[in-house]
Amino acid sequence: MPIETLIWLIPVPPLLSFFLIWLFANRNKALSHTIAIVLMAISWIISLYVFLTAITTEHFGAEVFGHSVPWLPTGDGALNMGVMVDPLTAGMLFFVPLTCLLIFIYSVGYHNFGGRLDPHDVHSTGSPAHNGVEPMYSRFFAFLSLFAFGMLLLVVADNLLMMFVGWEIMGLCSYLLIGFWHGRNYDDPKKITPRQAAVKAFMTTRVGDVFMMLGIVYLYFHTGTLSFREILYNEDVLHHLAETPSYIVGLSVAAMVGLLLFAGTVGKSAQFPLHVWLPDAMEGPTPVSAMIHAATMVSAGVYAMVRMFPLMSAGWHHGEALTPPMMAMGFIGAFTALFASTIAVAQRDVKKVLAYSTISQLGYMIAALGIGAYIAAAFHLITHAFFKALLFLGSGSVIHGVEHGVHHTHEHIDPQDMFNMGALRKKMPITFWTFLIGGFALSGFPFVTAGFWSKDEILADAFVANQLVFWVLVISAFLTAFYTMRQIALTFLGEPRTHSAEHAQETAWTMTTPLVILSFFAIFAGFVGVPEHFPALGELFHNLNVNRFHEFIGGTLIEHPEAVEFNVFPLLASIVVGVGGLTLGWLVYGWKPLKAGQPDPLAKPLGPIYTLLENKYYFDELYDFIFVRPARWISEVLVYQVMDKNIIDGFLHGVARVAVAIGIFFKGAEKVIINDPPDRLADFTQWLGRSFRVIQTGRIQSYLLIVMLVAVAFGGVYYLMLSGLVK
Amino acid sequence: MNFPFLSVIALTPIIMAVLLLAFPEDRKSEVRVAALAGAAACLGLSLWVYFTYDVSAGGYQFVEKFAWIPKLGIEYHVGVDGVSNPMVLLTGIVIFTGVLISWGIDDRPREFFAFLFILASGVFGVFVSLDLFQLFFFYEIAVFPMYLLIAIWGWKVTREYAAMKLTLFLFIGSVFSLIGALAMYFAIGKATGVYTFDMLKIAEAQAAGALNFNVSLFGSMIPFERLWFPIVFFGFAVLGGIYPFHNWSPDGHVAAPTAVSMFHAGVLMKLGAFAALRVGIMLMPEGARFHLPWIYVLTFINVVYGSFIAMRQTDLKYMIGYSSVSHMGLVSMGFATLNYHGYLGAAMQMFAHGVMTAMLFATVGMVYDRAHTRQRDELGGMAKKMPWVMAGFTIAALSSMGMPGFAGFMAEFPIFMGGWSAGQPGANFVAPYYSWLTIISAIAIVITAAYLLIAVQRVFFGDISEEHDHHVGDVTVLDKVAITTLATAMIAVGVFPFLMGPMVKSGIEAALRVFGGS
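Protein chains in written order, with the numbering used here: chain A, 1 to 727; chain B, 1 to 518.
Worth flagging that the hints you see were computed from the coordinates, not collected in a lab.
Honestly, I wouldn't trust all of these hints.
As the list claims (entries may be wrong) - One side of the interface only, derived from the structure: several residues of chain A facing chain B at Cβ under 7 Å:
{"id": "1", "residue": "V165"}
{"id": "2", "residue": "E168"}
{"id": "3", "residue": "I192"}
{"id": "4", "residue": "R195"}
{"id": "5", "residue": "V199"}
{"id": "6", "residue": "R206"}
{"id": "7", "residue": "V207"}
{"id": "8", "residue": "F221"}
{"id": "9", "residue": "L436"}
{"id": "10", "residue": "W509"}
{"id": "11", "residue": "L544"}
{"id": "12", "residue": "I634"}
{"id": "13", "residue": "S635"}
No residue lacks a Cβ here, since even glycine has one placed at the ideal position from N, Cα and C.
Construct the entire structure; sequences and hints are all you get.
Quick look at the structure:
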């Protein structure tokens with residue numbers, strides 16, 4: 001089969017499994033997950049084949065695999081739908097289907113497959129299973145498959161429109177999956193429910209999507225195509241876009257399009273100021289958090305920027321002033337990286353910490369792109385997907401373990417609150433060790449973790465490109481290591497702080513196996529990107545022919561980016577903050593483990609700052625005040641009551657009243673002028689008749705009398721006339 | 001002589017109406033079956049016409065032409081092109097699904113279906129008419145049964161008010177249009193010596209310059225088309241819900257029984273937009289060129305304003321009613337761009353909106369019939385009771401908020417493309433504010449997503465009330481058939497836009513030719 005056909009086939013199996021489960025398997029749990037996993041595995045195998053073909057093809061990048069068909073006719077041509085695999089796509093194809101597959105397998109255990117169906121759960125659909133298997137098991141796999149379809153479609157797309165389609169399908173699935181437990185309610189009315197979180201996530205990302213769509217429209221208007229190959233691999237087009245001034249003074253068309261597309265990423269990848277949805281999205285089941293909010297969907301935002309990088313940087317050359325979209329990416333990315341990591345420090349929920357950590361790490365990648373570190377961004381995208389998926393799945397395993405304890409002890413505690421845990425390393429050893437690996441990778445523990453290599457590369461690039469960005473990223477790397485150690489210590493070390501933690505239990509093999517596989521990649525995925533100039537190790541891996549990442553992904557761009565010179569300062573900084581942050585975290589939380597009921601040791605020294613961080617800088621409240629309420633006011637008061645009801649309807653009703661008044665007037669006039677005279681005439685006639693009625697007695701005698709009287713009268717008259725008395 | 005498809009499509013419903021009235025009053029089931037058979041025949045024929053239309057040839061096909069009142073130049077002349085063909089199909093879909101979901105009507109179903117069919121005849125007739133007089137003839141046939149359908153079978157609280165408001169608006173609008181059309185008739189007759197209502201001949205004469213003269217108004221001379229275009233356009237656009245003449249429509253939607261709401265929002269509003277295009281824009285392109293740029297501002301208000309009002313509504317029918325105002329605004333917005341993409345999007349939007357709004361009203365009607373409330377906040381947990389309804393409503397909502405993969409996106413995307421490029425220097429340039437208004441109107445997409453998602457969440461998820469839990473049951477098989485039919489149309493066009501795109505393209509190219517290319 002030609003490779004182009006195979007690429008078309010990559011997204012198909014998950015779509016098929018969505019329909020199969022939905023139509024035929026929605027009552028059979030085993031069949032549902034079998035369909036989902038088998039078809040996902042097929043997708044993965046095809047992807048792997050394509051990936052292997054790609055990396056063994058000479059000069060791959062200059063030549064790519066691709067194929068397209070017309071879809072929607074436009075003025076003089078048609079919008080095409082097509083697929084393409086270039087080195088960047090190949091990289092995505094390596095990790096996206098793999099993580100998806102692992103998360104699918106994990107979900108089997110997560111939803112307690114094999115457990116009995118609690119009769120209580122059947123009755124209250126839409127809440128998490130109390131004990132035993134999830135009642136909406138099949139639906140979960142159907143949605144998850146649809147999501148995988150959206151992601152794979154986005155990855156293999158060869159044009160912005162198809163990418164946007166995948167992008168929106170994921171947005172939809174994200175909505176469906178965050179709100180998966182749609183019946184769930186909390187006692188605390190301030191706590192966001194899954195349904196609200198789903199709407200919030202969809203709406204927030206939608207704001208970005210609308211800008212992105214406008215960007216696509218604008219780009220199409222100027223180029224007449226949306227194909228990546230025709231725009232991004234075409235120097236003339238890029239040059240033209242960079243030279244044409246746009247509508248806004250001082251911005252070229254390329255810059256304007258770039259900024260609009262970046263707005264889409266800000267929404268999807270939860271960058272400041274549209275970051276608010278991601279932490280609340282943790283209301284979804286944990287595999288969803290792992291898949292959507294760590295490994296795939298939020299990465300799609302970064303992927304889109306990596307993909308569009310030639311456009312974002314159109315007109316820019318190494319060492320020159322950055323283009324406006326790059327500046328925006330650099331600053332928003334770096335700011336988000338720091339900002340989110342400060343919030344993560346003060347969170348209690350095990351998943352919320354990871355959510356903010358994700359926002360922060362995505363900020364890293366965006367910042368890297370902003371300073372032109374294309375390859376470093378792509379590299380961190382891949383390594384992060386592995387270790388963050390690992391951490392999320394690990395946290396799911398932890399929650400699952402603690403929930404087991406909660407069921408056992410009937411305690412009323414939040415099983416996601418890290419302050420209710422402790423000492424889980426003994427109860428859940430596999431989860432502990434894999435989580436530790438993931439945590440160390442996230443912190444950038446030197447040399448042995450994947451996170452170190454990708455983060456170090458970003459820092460090395462930033463050091464050369466922009467000192468401000470560099471220092472911001474260094475501080476946030478420090479905070480990252482600190483909150484990671486805080487999380488590990490609170491969860492796994494010390495003594496159990498609740499009975500539930502004491503009775504926690506290691507999870508099923510379906511859950512732990514994906515953890516082990518992911519931790520393999522969390523360590524070894526980094527070695528493909530060890531810089532060649534790196535002392536000792538660079539040489540070593542080069543001889544092993546492992547670290548080809550730079551060269552391979554670099555082939556995506558027309559102008560092959562140069563690797564930065566090795567500099568010892570950023571390397572030292574990276575090691576110091578990584579190890580230092582972990583150490584400090586251990587000193588605060590691991591040295592003297594927290595006792596049950598003891599507050600966070602940070603709360604006292606930080607004081608109001610801690611409260612501020614705990615409340616996420618009050619962004620939810622702020623947005624409610626400046627966006628949600630004014631929108632409600634406009635719709636309720638301004639347009640509905642004032643315009644529609646008072647002005648327009650008021651005018652109409654006024655006209656109607658005038659018309660009615662005229663009608664009443666005419667009715668009155670008609671009565672007096674037209675209606676009344678004939679009526680009076682009729683009345684008169686009637687009166688006349690009534691007056692004569694008295695003589696109509698019906699008695700012959702009376703009539704004869706009258707006849708006689710009349711005859712006499714007439715006779716008298718005639719007599720008088722004839723006799724000449726009357727003339 | 002080929003089989004007269006279009007006449008059969010347009011006249012079947014009215015013949016069915018007469019037949020239905022011949023049934024004994026108490027034979028309700030037979031009446032329903034007969035109605036369904038009639039509706040299915042319409043759908044089948046319109047599908048046949050849709051798929052046998054030769055896209056590569058384009059132009060008017062399935063043409064039939066007979067002299068009607070030759071002395072006045074009135075003919076019976078029908079035909080479909082790439083724009084009207086999807087509209088005929090849409091009407092077929094809506095009448096079919098409308099009959100299906102009205103199965104449960106127990107109050108005089110015979111008369112109900114008869115009026116519904118008369119309405120359908122009128123609608124089909126307008127879409128296929130190529131003669132101006134005939135168009136008005138069918139147009140009035142389409143409007144008058146609405147009054148009876150709403151006033152007799154409608155929602156008891158507002159039906160009289162709403163029926164009256166709607167009828168007055170539409171009749172007044174059509175009177176203005178008729179006056180405009182007559183002005184055109186006499187002007188053309190005077191200029192060419194041939195008095196004709198044939199729209200093709202009028203267009204020809206217009207192109208030859210027959211309307212290129214000035215008329216005096218209050219002492220100043222203005223070109224004929226500039227004077228008469230707004231009168232004809234707004235007369236029809238009232239039915240398309242253009243701001244500020246939109247507000248008969250939500251009241252009408254709410255008061256009408258479900259099938260009539262579907263017809264009303266799904267098809268009847270398109271009638272206005274369609275006639276505004278056919279009679280207003282295509283017959284008086286010079287006037288259109290002059291006036292549409294400011295009308296664009298009104299359509300922009302339509303889009304944003306409608307979506308904001310929809311957001312505050314808690315009555316689901318009012319919400320959908322205002323969302324129709326907003327979405328029909330997109331249709332007129334597309335027309336007002338004066339370029340290819342805008343027209344492509346507008347024509348696609350007419351179909352897309354017709355199907356999705358029919359679905360929204362149908363599903364809300366199903367919920368209302370069982371839960372006896374349309375208040376979003378009194379409902380909840382309906383997904384458990386009626387999963388098909390939830391799926392249908394959600395699909396329509398997604399289409400409505402412009403989600404790729406559904407028909408709505410295939411319409412909105414080109415409209416925004418058209419609006420944007422009309423404000424950019426280049427071939428399509430009209431005025432700079434086009435781009436700005438396009439950007440701002442994108443807010444409506446976000447707002448639309450907000451109110452629809454909140455509605456989905458409140459109505460279908462969350463807690464179900466005790467009472468609903470006991471009394472609400474699932475919908476019937478016929479309802480499910482209706483939901484499936486509508487959903488199929490939305491998804492088919494969304495995923496395979498080439499089912500409709502090339503056809504619409506052939507139609508609007510003819511429409512755009514009157515602007516001299518582009």
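Taking 7 Å as the limit, does the beta-carbon of R195 (chain A) come near enough to a beta-carbon in chain B? With a minimum Cβ separation of about 5 Å from chain B (threshold 7 Å), the hint on R195 (chain A) holds.
Would the hint on V207 (chain A) stand, with a C-beta cut-off of 7 Å toward chain B? 6 Å, holds
Proposed interface contact between F221 (chain A) and chain B, which counts if any beta carbon pair is under 7 Å: Holds: closest Cβ of chain B sits about 5 Å from F221 (chain A), inside 7 Å.
Can the hint on L544 (chain A) be confirmed by a CB-to-CB distance to chain B that is less than 7 Å? Constraint on L544 (chain A) not satisfied, violated at 44 Å.
So, as I understand it, the hint says E168 (chain A) touches chain B; can you test that by seeing if any CB pair is closer than 7 Å? Given a least distance of 5 Å, the restraint on E168 (chain A) holds.
Holds or violated: R206 (chain A) as interface residue toward chain B, Cβ cutoff 7 Å? 5 Å, holds
Hint status (Cβ of I192 (chain A) to nearest Cβ of chain B, threshold 7 Å): 13 Å, violated
Tell me if the interface restraint on I634 (chain A) is satisfied: Cβ within less than 7 Å of some Cβ in chain B. 6 Å, holds
Minimum Cβ distance from L436 (chain A) to chain B below 7 Å? 39 Å, violated
Proposed interface contact between V165 (chain A) and chain B, which counts if any beta carbon pair is under 7 Å: 4 Å, holds
When the least beta-carbon distance from V199 (chain A) to chain B is tested against 7 Å, hint result: Status holds, d = 5 Å.
Taking the least C-beta to C-beta distance, is S635 (chain A) closer than 7 Å to chain B? Holds - the Cβ of S635 (chain A) comes within 7 Å of chain B, reaching about 4 Å at its closest.
The structure fails to meet hints 3, 9, 10, 11 from the earlier list, while all remaining hints are met.
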